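A.B. asks: Residues per chain, in single letters:
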Amino acid sequence: MKRVLALDVGSTTTKARLFALQAGEWMVLGAADRPTTVEEPAEDVMVGVQAAAAAVGRQAGIDLGSRALSLEGDENLRILACSSAGGGLRMVVCGVVRQMTAESAERAALGAGAIVQDVLTVRDGRFPAERIARIRSLNPDMILLTGGTDGGQIGHVIALAEWIRAADPRPRYGDHPIPVIYAGNADARSFVAEVLQDCASLHVVDNLRPRLEKEILGPAREAIHEVFMEHVMAQAPGYASLLALVDAPILPTPGAFGLLMQILSREIEQDVLAVDVGGATTDCYSVIDGELYRTVSANLGMTYSAPNVFASTEPLNIARWLPYTVDADHIRQWAANKMIRPTTLPHAVEDLQMEHAIAREAIRLAYAHHNELVVGLKGIGAGQGIGGALSQGTGRQRVDLMRVRDIIGSGGVLSHAGRGSQALSIMIDAFAPEGLTRLRVDSGFVAPHLGVLTQLDPAASRRLMERVLVDVGWCLAPRVLGRPPEVLATVEVAGAVYGCELTIAPGEYRVIRLESEGTTRLVCRPARGVDVGGGPGRTVRHEIPACKAQLVLDGRGRPLPDSSGQSLQRLVADTRRRLAVHGCYDEEMTQWVGI
Amino acid sequence: MGGDMTLITRRRMLPAPGTVHVKPGDRVDHDTIIGEVRYSFRMPHFVNVARLLGERRENLTRDHFTVREGDEVRAGDTVARLERRWRFMGETREASAPVAGVVEKVLPGLGLLSIRSGEAPAEGLVSVPVASSLRCRPGEMVPHLRVGPDDTVDQGQLLAVREDGPETHVARSPHDGIVDAIDDTRGAVVLRRRDGRQVVRAFIPGRVQRVISGRGAVIETRATVIRGVFGAGGESVGTLSIVNSGILRPDHIAEVHRGSVIVARGRLGLQALQRAHEAGVHAVVGASARTADMVHLLGEELGRSVTDESLGLTVVLTGGFGDLEMDEDLWDVWSHLRGSVACVKGETHLRAGVIRPEVIVPGEGPGLGMALGLSELFIGARVRVLREPGFMRRGTVECLMSSADIGNGIRAPALRVRFDDGSALVLLQANVEVIP
Numbered sequence: 000m001k002r003v004l005a006l007d008v009g010s011t012t013t014k015a016r017l018f019a020l021q022a023g024e025w026m027v028l029g030a031a032d033r034p035t036t037v038e039e040p041a042e043d044v045m046v047g048v049q050a051a052a053a054a055v056g057r058q059a060g061i062d063l064g065s066r067a068l069s070l071e072g073d074e075n076l077r078i079l080a081c082s083s084a085g086g087g088l089r090m091v092v093c094g095v096v097r098q099m100t101a102e103s104a105e106r107a108a109l110g111a112g113a114i115v116q117d118v119l120t121v122r123d124g125r126f127p128a129e130r131i132a133r134i135r136s137l138n139p140d141m142i143l144l145t146g147g148t149d150g151g152q153i154g155h156v157i158a159l160a161e162w163i164r165a166a167d168p169r170p171r172y173g174d175h176p177i178p179v180i181y182a183g184n185a186d187a188r189s190f191v192a193e194v195l196q197d198c199a200s201l202h203v204v205d206n207l208r209p210r211l212e213k214e215i216l217g218p219a220r221e222a223i224h225e226v227f228m229e230h231v232m233a234q235a236p237g238y239a240s241l242l243a244l245v246d247a248p249i250l251p252t253p254g255a256f257g258l259l260m261q262i263l264s265r266e267i268e269q270d271v272l273a274v275d276v277g278g279a280t281t282d283c284y285s286v287i288d289g290e291l292y293r294t295v296s297a298n299l300g301m302t303y304s305a306p307n308v309f310a311s312t313e314p315l316n317i318a319r320w321l322p323y324t325v326d327a328d329h330i331r332q333w334a335a336n337k338m339i340r341p342t343t344l345p346h347a348v349e350d351l352q353m354e355h356a357i358a359r360e361a362i363r364l365a366y367a368h369h370n371e372l373v374v375g376l377k378g379i380g381a382g383q384g385i386g387g388a389l390s391q392g393t394g395r396q397r398v399d400l401m402r403v404r405d406i407i408g409s410g411g412v413l414s415h416a417g418r419g420s421q422a423l424s425i426m427i428d429a430f431a432p433e434g435l436t437r438l439r440v441d442s443g444f445v446a447p448h449l450g451v452l453t454q455l456d457p458a459a460s461r462r463l464m465e466r467v468l469v470d471v472g473w474c475l476a477p478r479v480l481g482r483p484p485e486v487l488a489t490v491e492v493a494g495a496v497y498g499c500e501l502t503i504a505p506g507e508y509r510v511i512r513l514e515s516e517g518t519t520r521l522v523c524r525p526a527r528g529v530d531v532g533g534g535p536g537r538t539v540r541h542e543i544p545a546c547k548a549q550l551v552l553d554g555r556g557r558p559l560p561d562s563s564g565q566s567l568q569r570l571v572a573d574t575r576r577r578l579a580v581h582g583c584y585d586e587e588m589t590q591w592v593g594i
Numbered sequence: 000m001g002g003d004m005t006l007i008t009r010r011r012m013l014p015a016p017g018t019v020h021v022k023p024g025d026r027v028d029h030d031t032i033i034g035e036v037r038y039s040f041r042m043p044h045f046v047n048v049a050r051l052l053g054e055r056r057e058n059l060t061r062d063h064f065t066v067r068e069g070d071e072v073r074a075g076d077t078v079a080r081l082e083r084r085w086r087f088m089g090e091t092r093e094a095s096a097p098v099a100g101v102v103e104k105v106l107p108g109l110g111l112l113s114i115r116s117g118e119a120p121a122e123g124l125v126s127v128p129v130a131s132s133l134r135c136r137p138g139e140m141v142p143h144l145r146v147g148p149d150d151t152v153d154q155g156q157l158l159a160v161r162e163d164g165p166e167t168h169v170a171r172s173p174h175d176g177i178v179d180a181i182d183d184t185r186g187a188v189v190l191r192r193r194d195g196r197q198v199v200r201a202f203i204p205g206r207v208q209r210v211i212s213g214r215g216a217v218i219e220t221r222a223t224v225i226r227g228v229f230g231a232g233g234e235s236v237g238t239l240s241i242v243n244s245g246i247l248r249p250d251h252i253a254e255v256h257r258g259s260v261i262v263a264r265g266r267l268g269l270q271a272l273q274r275a276h277e278a279g280v281h282a283v284v285g286a287s288a289r290t291a292d293m294v295h296l297l298g299e300e301l302g303r304s305v306t307d308e309s310l311g312l313t314v315v316l317t318g319g320f321g322d323l324e325m326d327e328d329l330w331d332v333w334s335h336l337r338g339s340v341a342c343v344k345g346e347t348h349l350r351a352g353v354i355r356p357e358v359i360v361p362g363e364g365p366g367l368g369m370a371l372g373l374s375e376l377f378i379g380a381r382v383r384v385l386r387e388p389g390f391m392r393r394g395t396v397e398c399l400m401s402s403a404d405i406g407n408g409i410r411a412p413a414l415r416v417r418f419d420d421g422s423a424l425v426l427l428q429a430n431v432e433v434i435p
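Chains as they are written, first to last, in numbering that gives the first Met the number 0: chain Y, 0 to 594; chain V, 0 to 435.
Honestly, the hints are just simulated from the structure, not real lab data.
Misleading hints may appear alongside valid ones.
[To be verified] From the derived model, a few chain Y residues whose C-beta atoms are all more than 12 Å from chain V:
{"id": "1", "residue": "GLN58"}
{"id": "2", "residue": "ARG125"}
{"id": "3", "residue": "ALA128"}
{"id": "4", "residue": "GLN152"}
{"id": "5", "residue": "HIS155"}
{"id": "6", "residue": "SER240"}
{"id": "7", "residue": "LEU244"}
{"id": "8", "residue": "PRO248"}
{"id": "9", "residue": "VAL308"}
{"id": "10", "residue": "MET401"}
{"id": "11", "residue": "ARG482"}
{"id": "12", "residue": "TYR497"}
{"id": "13", "residue": "SER515"}
{"id": "14", "residue": "GLY528"}
[As the list claims (entries may be wrong)] Taking CB as the label site, the calculated pair distances span:
{"id": "15", "chain 1": "V", "residue 1": "MET400", "chain 2": "Y", "residue 2": "ALA495", "range": "48 to 58 Å"}
{"id": "16", "chain 1": "V", "residue 1": "LEU6", "chain 2": "Y", "residue 2": "ASN138", "range": "24 to 34 Å"}
{"id": "17", "chain 1": "Y", "residue 1": "THR489", "chain 2": "V", "residue 2": "ARG393", "range": "53 to 63 Å"}
{"id": "18", "chain 1": "V", "residue 1": "SER422", "chain 2": "Y", "residue 2": "VAL522", "range": "56 to 66 Å"}
{"id": "19", "chain 1": "Y", "residue 1": "ASP326", "chain 2": "V", "residue 2": "SER212", "range": "47 to 57 Å"}
Because the structure is a prediction, the values reported are computed rather than measured.
By construction, the Cβ of each residue, glycine as well, lies at the ideal position given by its N, Cα and C atoms.
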């Protein structure tokens, strides 16, 4: 294998990236985007695929026209693809109890890269006719049906199956029965099959919640991928041709993104956090102890969902990131106009600052949502009855920011930010990382392509990842245990040419430009009761590879002050000082001292 | 947004499989019933008889069951019996029905029995606790109601709205039904659920082009279609009335507008919309509205970028949010259509599978069609600005730039626009649209 053409067939754009192994090194030879052609008038995905491939081939000086993309094509060329065309993989999830089987099913669907359109349960407050109409109106690509532990109650899951049968949903593409993946009570399989025999294509896998205290998501996730490939994508216009061409299964795009995050986590042997801020939705990924978790905040985003960002938070929480005074109605009007004209871009500096303020809140809320869902199993309580188990709050939060060494940002507002410092500032304010964290963005929208490449050559993905993920900066944020001391930590920064010694005081936010050549050595000595990643009071040493980026020393404490906090005024004043003077984030830099 | 005179088709689909009452070629009016769905559901209950009898399921036979398929049972009735006899003593174990209903399946090999519950949960009276949703006392509920006795309501429709300082509290209907009573002692609206029957009407007058078996029909008609950028309030039909003023005010709305569709040139004021609702106006179309006013009308933030609920009034905006006026060209189209019957759909889905609100005016018109679909930018093209600076101003493209830094770090394709007043601006190409 010498070259790999990786395709991400999105809802509106088909993104082609060409990778090649040259002199033992993997390189990106070209990148081209063309409109996706799955809808009218072309109604053939291959039209857009061939246009994008030809364009990327021209950049690399090789012929990637229609002949290269034929079955007898180029033996040195491997073709891979992921897809979210038509809005991605749309699923309805059905389970008996919302906090148990339905929640596990939702996790399985999200982890497989699906958009969960609705979660139907036996007691979700709706009447059967309303559920049936809902299934019908949502027009999902497939349905994940779960319910009951093995040997448990059967009736409820049969009721769910009967509602699916009554709705008789038809897939968007083709005229085949809708795929239903059954991952519920094993004892109910034959009954479910009987109910759905005439209206659905049933795929039975292991129960994803065989016992209350056990969750097995793998078989359901794999079945979703398989069905997506064979029954959904194969029916979309032109996809049969694409399926015949590719050298590995076509993955849902978020699933491919998640695969790359797992590779990254394995590579650095640390937990990883990632966010993809879209117009309608914001996806959060975390890899904790090697396990991938993905959540989709379906109503948080930068365009269609901008009004919902406003609705989901206090206006002051958005205004705190603006260097000018605004009232709530101004923010609301801005968000509403962005919703109805989603393709417009910020022009005036104030407009850009508003967009970035909304982005901070969208990411912060999505990450909070992620933390609500990525917890230990609910519904498990030793010695508790079912009532006690259900009344439990969330399980233990799994993401510990002190253990997260890398945060990856994707999506237009981060990937296309005019300056790296803008993306850095947004991600630090939104995630409030702790300890030493590297922040990068997928500026070329290549992460899904590298994700599908892991199917063929994980090592190539790892090498390319280091090239294509762009460093926007590092953040060193002490965690204070108890009352903060006057100086949180002293930091020695030593580059190849320059160096300095700094202190971090409570509330302070300092920015240092890193040297673009040579390694920068960092020695951070925290005060007693302050943790910078090594444990309270323990010195941390780290080497930062050469990058055109910034190091932020963030002493503002955690959590960052918000509308409910006392110290918000200081944060607002600090933000205004930073952004008013440096409207587009050319942060004031701490002076280097020659060494 | 613009108007387009053409032969159009609209799919009218049932919410679930049902009966279609029309056939291809039928002429339909806007209120002709296309089809209907009836559905009632009984919950299945599986009784693990083997477990209840303490016997392995493979040892059970049909003789152990005391009921047969089709038998009616009450809760507690014996459904299976196991008798054991030894030399000096015996034991009888029984399994009973957990619910009343009809025995659907007897499955000795599996040790199971299924009973189809006798209760139909989808019917009857439902009390909606409106006062508690409004956070007011029961006696204070009535002035805030938006529905009255015998009104038909849809699921999600606003039943009441109460302003409380900066906060707005709302009560919505949990399902489709008819208002049976207003209970101001308990602070509730009592709904009578529909009998599971849902009908779909044609919405536009025309001809049935084809029938989708058991699911709906496609209606075709020749009409002028004007699309908006945002709408709410479901579907309405009425005669078009024109109000050529800046902001639409309450005094523009009179008794003669009952049942009509009002088109206003400027912004729709909140009080005017409220007055229109009270006066029985079916729909109001305007250039813009303030976001806060739409939030008040909808009873919630514009958070989901989807509006599909019934408000009792359909609202469509052709420009956006803020203080805007309609273009001259679009206003001319409306003026020509004055007095025609308009079918207004306020639904907005700003996501994958975008649905924009639209006004359909059926009938052969005086050549009002506008050439839409011209979206390529070129030097000399007339454009409208979609975002500040220059929001909603119109001008002519003087120069196209493949990439320009406009000062905030963003590099993107740009253009220079000469406005009608002689001034010029460099703008991002993404922030303009071509005027056909």
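A.B. asks: Would you list, in rising numerical order, the hints stated earlier that this structure does not obey?
C.D. replies: 2, 3, 4, 5, 9, 15
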